[in-house]
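Chains as they are written, first to last, in my numbering: chain A, 15 to 298; chain B, 3 to 186.
Keep in mind that a hint or two might mislead.
Said to hold, decoys possible - Partial list, computed: chain B residues near chain A (C-beta under 10 Å):
hint, residue
1, A44
2, F52
3, W56
4, L153
Since the hints were made in silico from the structure, they are not lab data.
As the structure is a prediction and not an experimental result, all values here were calculated from the model.
All residues carry an ideal CB built from backbone N, CA and C; glycine is no exception.
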Amino acid sequence: MAAQDPRAQPPEEFVDLLVKQVTEGLLPDEQRKLDELDAATANAYREELERSVAALTLAGTAADSAALPAPLRSRLEQQAALYFAAEARQSTRAPATNVGSTARPSSAVLDAPKVAELRPRPAQARSAAVGWWAAAACLLLALFAWFRPQSAPTAAELRARLLTQPDAIKVTLGATQDPAAAGVRGDVVWDPHGQRGYVHFVGLPQNDPSAEQYQIWIFDADRDAKYPIDGGLFDVGSRSDDVVVPIHAMIPVHLAKAFAVTIEKAGGVVVSAREHVVALGQTT
Amino acid sequence: MTSDVLQRIASGEATAVRECLDEYGALVWSLARRLSRTPSDAEDATQEIFLDIWRSAGRFDPSQGSPKMFIAMIARRRLIDRLRKASAEPPMDPEEVLESIAWPDSAAVAETASEAEQAVRALAELKPDQRQVLELGLLHGLSQSEIAARLGMPLGSVKSFMRRGLIRVREYMNIDAEGVAVRS
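Next comes chain A alone, as it looks inside the complex (with noise of 0.2 Å):
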């Protein structure tokens, strides 16, 4: 195939889509329109426009130098610090795992903390002097056992515990019409001050996870309600009728109101168009 020209320029119908997806977004007929040019003409294309788009915008807002208010800056900096956290421990941690123990969480986890008090502590080595290696050996095996290794537990485990913590709020999800929904029954524990929580699912049907993901959404009083908080993505695998998956909220969550899960396209989306939501349920 011939390298593409970055400077070549599409049909003026095609420009005029691509200018109107940079400037404001497309339909969905328009988008099924522009999606006849060739991908990679398209994305040259407009790769430039919006370099173009870009430098106006900066050459526009050059005079503006509002600064930051500072309760926004101030929770920025709270996210950044959540997002960082979860990467740093998404990092250097075993994923979290879950009762059907086929079903993966896709992003990383905030309970961390409490799983690594629990990793294995690393065992003592022990010298034993000529005449004590029997005695030795006794004790080292007493030391194994005691301090044998210890899996880092479950998700189903850590919501179990996190559903005996006085401040943590548990919502039941009730099923919705949609087809996915049939049968299925679960709940939310939350915990609004470690702003963390798990979804449980029983009967949740097996997805594709290379074509659509499960998706929690998290929605916060202090939100418009139509951009409620990510909560993460999952997967349900073949056996996994008893699923537990913790919830990842990108940003913090003030005061969870509700949540939901939707399927998504594979990846999630950033707003749910909400054409698939199989649960939701509200706070008391």
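Got chain A; can you put chain B on it based on the hints?
The following block gives chain B in isolation, referenced to the frame of chain A:
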């Protein structure tokens, strides 16, 4: 401040966050206010944009443009996405804000970013109608239909002005980048 702060964010250096907010917070906030329907939307958008920045910092390539261009592109993508999702709502369109926003001259943007300076030079060559359409679309966040209604101009003319204006700016930026005129 250089691209260094984005590289440090990409490597997970959380302390670079404050520097990034110091350097680019006003830019993102300015864009969010202009291209959001309500002040509350602007705050939500700002949080989403910075989350995108934390996630995307590793993709920054200094050879492709300045950090400000990178940030502005991320911010615009997020804001356009939010505007499209909220398009059923009536726009926040206070006249006093609309009247106060316009392109500055090239001297005023000299310290903003070289790309912005190029863009302003290209704007100087556009017809007044083209400039006005780009101003309303890019600085005020009006849709092409809204621009047509506001100016009493056929939608086709708005599309044409916007297309030709952006193509001219694109050409100008390519000329400046390589010293070779590229004509479509």
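Going through the hints against the structure:
no.	hint	in the structure
1	A44	holds, 9 Å
2	F52	holds, 5 Å
3	W56	holds, 5 Å
4	L153	violated, 16 Å
Of the numbered hints given earlier, the model fails hint 4 alone.
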